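Visitor: Please build the complete structure, drawing on both the sequences and the hints.
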Amino acid sequence: MPSHINPAYKNEDEFSLGDKASSSDHFNSITFKTDVMSSRSPNGLKVYNSRQRYITVSVLCFINLINYVDRFTIAGILNHVQKFYSLDNTEGGLLQTSFVVSYMIMAPVFGYLGDRYSRKIIIAFGVTFWSFWTTSLKKGKL
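Our numbering numbers the first residue of the sequence shown as 15 and each following residue consecutively.
What the hints contain is simulated information worked out from the structure, not anything from laboratory work. Among these hints, one or two may not hold up.
Unchecked claim - Computed beta-carbon distance windows for the label pairs:
1) Q110 - S132: 12 to 22 Å
2) V73 - G107: 33 to 43 Å
3) I88 - P122: 13 to 23 Å
4) V114 - K60: 32 to 42 Å
5) Q96 - T70: 33 to 43 Å
6) D102 - V73: 35 to 45 Å
None of the values given here were measured: they were computed from a predicted structure. From the three backbone atoms N, C-alpha and C, an ideal C-beta is built for every residue, glycine too.
Guide: Structure representation (C-alpha coordinates):
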(Lines of atoms letter the chains of each structure in order from A and count residues from 1; the text may use other names and numbers.)
(Lines give C-alpha, C1' and ligand atoms only; values in the text may rest on other atoms or scores of the structure.)
Protein backbone atom coordinates (compact mmCIF):
# COMPACT_ATOMS: atom_id res chain seq x y z
CA MET A 1 0.00 0.00 0.00
CA PRO A 2 1.48 3.38 -0.90
CA SER A 3 2.64 5.58 1.95
CA HIS A 4 0.23 8.38 1.04
CA ILE A 5 -2.71 6.05 1.80
CA ASN A 6 -1.44 4.40 4.97
CA PRO A 7 0.73 6.70 7.12
CA ALA A 8 2.07 3.73 9.11
CA TYR A 9 3.59 2.20 5.97
CA LYS A 10 7.32 2.80 5.45
CA ASN A 11 8.31 0.46 2.63
CA GLU A 12 7.64 -3.03 1.27
CA ASP A 13 9.34 -4.85 4.13
CA GLU A 14 8.59 -2.74 7.20
CA PHE A 15 5.60 -1.32 9.00
CA SER A 16 5.70 1.24 11.77
CA LEU A 17 3.42 1.07 14.77
CA GLY A 18 4.26 4.62 15.75
CA ASP A 19 3.61 5.37 19.43
CA LYS A 20 1.98 1.96 19.95
CA ALA A 21 5.26 0.08 19.51
CA SER A 22 7.08 -0.92 22.66
CA SER A 23 10.30 -2.71 23.44
CA SER A 24 8.33 -5.73 24.72
CA ASP A 25 6.25 -5.95 21.54
CA HIS A 26 7.01 -9.42 20.17
CA PHE A 27 5.67 -8.46 16.72
CA ASN A 28 8.59 -6.07 16.25
CA SER A 29 11.22 -8.54 17.41
CA ILE A 30 13.82 -9.94 15.04
CA THR A 31 12.70 -13.50 15.86
CA PHE A 32 9.11 -12.83 14.82
CA LYS A 33 10.13 -11.17 11.54
CA THR A 34 12.49 -14.05 10.74
CA ASP A 35 9.87 -16.70 11.54
CA VAL A 36 7.17 -15.02 9.49
CA MET A 37 9.38 -14.35 6.50
CA SER A 38 10.68 -17.93 6.48
CA SER A 39 7.15 -19.21 5.77
CA ARG A 40 6.50 -16.68 3.03
CA SER A 41 7.57 -16.35 -0.57
CA PRO A 42 9.87 -13.54 -1.73
CA ASN A 43 6.85 -11.37 -2.55
CA GLY A 44 5.49 -11.77 1.00
CA LEU A 45 2.66 -14.21 0.26
CA LYS A 46 2.20 -17.28 2.42
CA VAL A 47 3.52 -20.44 0.80
CA TYR A 48 1.35 -23.57 1.00
CA ASN A 49 2.73 -27.02 0.41
CA SER A 50 1.49 -29.00 -2.56
CA ARG A 51 -0.61 -31.38 -0.42
CA GLN A 52 -2.64 -28.46 0.98
CA ARG A 53 -3.13 -27.09 -2.52
CA TYR A 54 -4.40 -30.40 -3.91
CA ILE A 55 -6.76 -30.95 -0.98
CA THR A 56 -8.16 -27.40 -1.31
CA VAL A 57 -8.67 -27.70 -5.06
CA SER A 58 -10.19 -31.17 -4.68
CA VAL A 59 -12.72 -30.00 -2.07
CA LEU A 60 -13.69 -26.98 -4.16
CA CYS A 61 -14.04 -29.12 -7.31
CA PHE A 62 -16.20 -31.62 -5.44
CA ILE A 63 -18.47 -28.85 -4.11
CA ASN A 64 -18.72 -27.41 -7.63
CA LEU A 65 -19.51 -30.84 -9.09
CA ILE A 66 -22.29 -31.38 -6.56
CA ASN A 67 -23.56 -27.87 -7.30
CA TYR A 68 -23.84 -28.61 -11.04
CA VAL A 69 -25.35 -32.06 -10.51
CA ASP A 70 -27.92 -30.60 -8.13
CA ARG A 71 -28.71 -27.76 -10.53
CA PHE A 72 -29.53 -30.07 -13.44
CA THR A 73 -31.28 -32.82 -11.50
CA ILE A 74 -34.76 -31.46 -12.09
CA ALA A 75 -34.23 -31.24 -15.85
CA GLY A 76 -33.06 -34.86 -15.95
CA ILE A 77 -35.98 -36.28 -13.98
CA LEU A 78 -38.72 -33.81 -14.89
CA ASN A 79 -40.85 -36.50 -16.58
CA HIS A 80 -40.74 -38.66 -13.44
CA VAL A 81 -41.62 -35.66 -11.24
CA GLN A 82 -44.53 -34.79 -13.52
CA LYS A 83 -45.87 -38.35 -13.33
CA PHE A 84 -45.39 -38.64 -9.55
CA TYR A 85 -47.09 -35.31 -8.76
CA SER A 86 -49.56 -35.45 -11.71
CA LEU A 87 -48.22 -32.22 -13.22
CA ASP A 88 -48.92 -31.16 -16.78
CA ASN A 89 -46.23 -29.67 -19.04
CA THR A 90 -47.07 -26.11 -17.97
CA GLU A 91 -46.60 -26.89 -14.29
CA GLY A 92 -43.41 -28.86 -14.99
CA GLY A 93 -42.07 -25.94 -16.98
CA LEU A 94 -42.99 -23.58 -14.15
CA LEU A 95 -41.11 -25.79 -11.69
CA GLN A 96 -37.94 -25.71 -13.79
CA THR A 97 -38.32 -21.99 -14.52
CA SER A 98 -38.79 -21.10 -10.85
CA PHE A 99 -35.60 -22.95 -10.00
CA VAL A 100 -33.58 -21.26 -12.76
CA VAL A 101 -34.95 -17.80 -11.92
CA SER A 102 -34.19 -18.20 -8.22
CA TYR A 103 -30.67 -19.34 -9.12
CA MET A 104 -30.32 -16.40 -11.50
CA ILE A 105 -31.30 -13.95 -8.73
CA MET A 106 -29.19 -15.49 -5.97
CA ALA A 107 -25.95 -16.07 -7.96
CA PRO A 108 -25.09 -12.35 -8.27
CA VAL A 109 -26.11 -11.74 -4.65
CA PHE A 110 -23.69 -14.36 -3.38
CA GLY A 111 -21.07 -13.22 -5.89
CA TYR A 112 -21.30 -9.74 -4.36
CA LEU A 113 -21.07 -11.18 -0.84
CA GLY A 114 -18.12 -13.35 -1.88
CA ASP A 115 -16.21 -10.31 -3.05
CA ARG A 116 -16.70 -8.48 0.23
CA TYR A 117 -16.81 -11.10 2.99
CA SER A 118 -15.04 -14.31 3.96
CA ARG A 119 -15.57 -16.87 1.23
CA LYS A 120 -14.97 -19.70 3.69
CA ILE A 121 -17.96 -18.59 5.75
CA ILE A 122 -20.14 -18.12 2.66
CA ILE A 123 -19.21 -21.55 1.27
CA ALA A 124 -19.76 -23.16 4.68
CA PHE A 125 -23.15 -21.45 4.97
CA GLY A 126 -24.16 -22.54 1.47
CA VAL A 127 -23.11 -26.15 1.96
CA THR A 128 -24.82 -26.29 5.36
CA PHE A 129 -28.02 -24.68 4.02
CA TRP A 130 -28.08 -27.03 1.00
CA SER A 131 -27.33 -30.10 3.13
CA PHE A 132 -30.02 -29.23 5.67
CA TRP A 133 -32.75 -28.89 3.05
CA THR A 134 -31.57 -31.90 1.08
CA THR A 135 -31.59 -34.17 4.12
CA SER A 136 -34.82 -32.68 5.51
CA LEU A 137 -36.69 -33.24 2.26
CA LYS A 138 -35.17 -36.67 1.79
CA LYS A 139 -36.31 -37.81 5.24
CA GLY A 140 -39.76 -36.34 4.67
CA LYS A 141 -39.64 -33.98 7.63
CA LEU A 142 -41.26 -31.14 5.71
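Visitor: Are the hints correct? Go through all of them and say.
Guide: Checked hints:
no., hint, result
1, Q110 - S132: 12 to 22 Å, "violated (33 Å)"
2, V73 - G107: 33 to 43 Å, "holds (35 Å)"
3, I88 - P122: 13 to 23 Å, "holds (21 Å)"
4, V114 - K60: 32 to 42 Å, "holds (39 Å)"
5, Q96 - T70: 33 to 43 Å, "holds (40 Å)"
6, D102 - V73: 35 to 45 Å, "holds (41 Å)"
Of the numbered hints given earlier, the model fails hint 1 alone.
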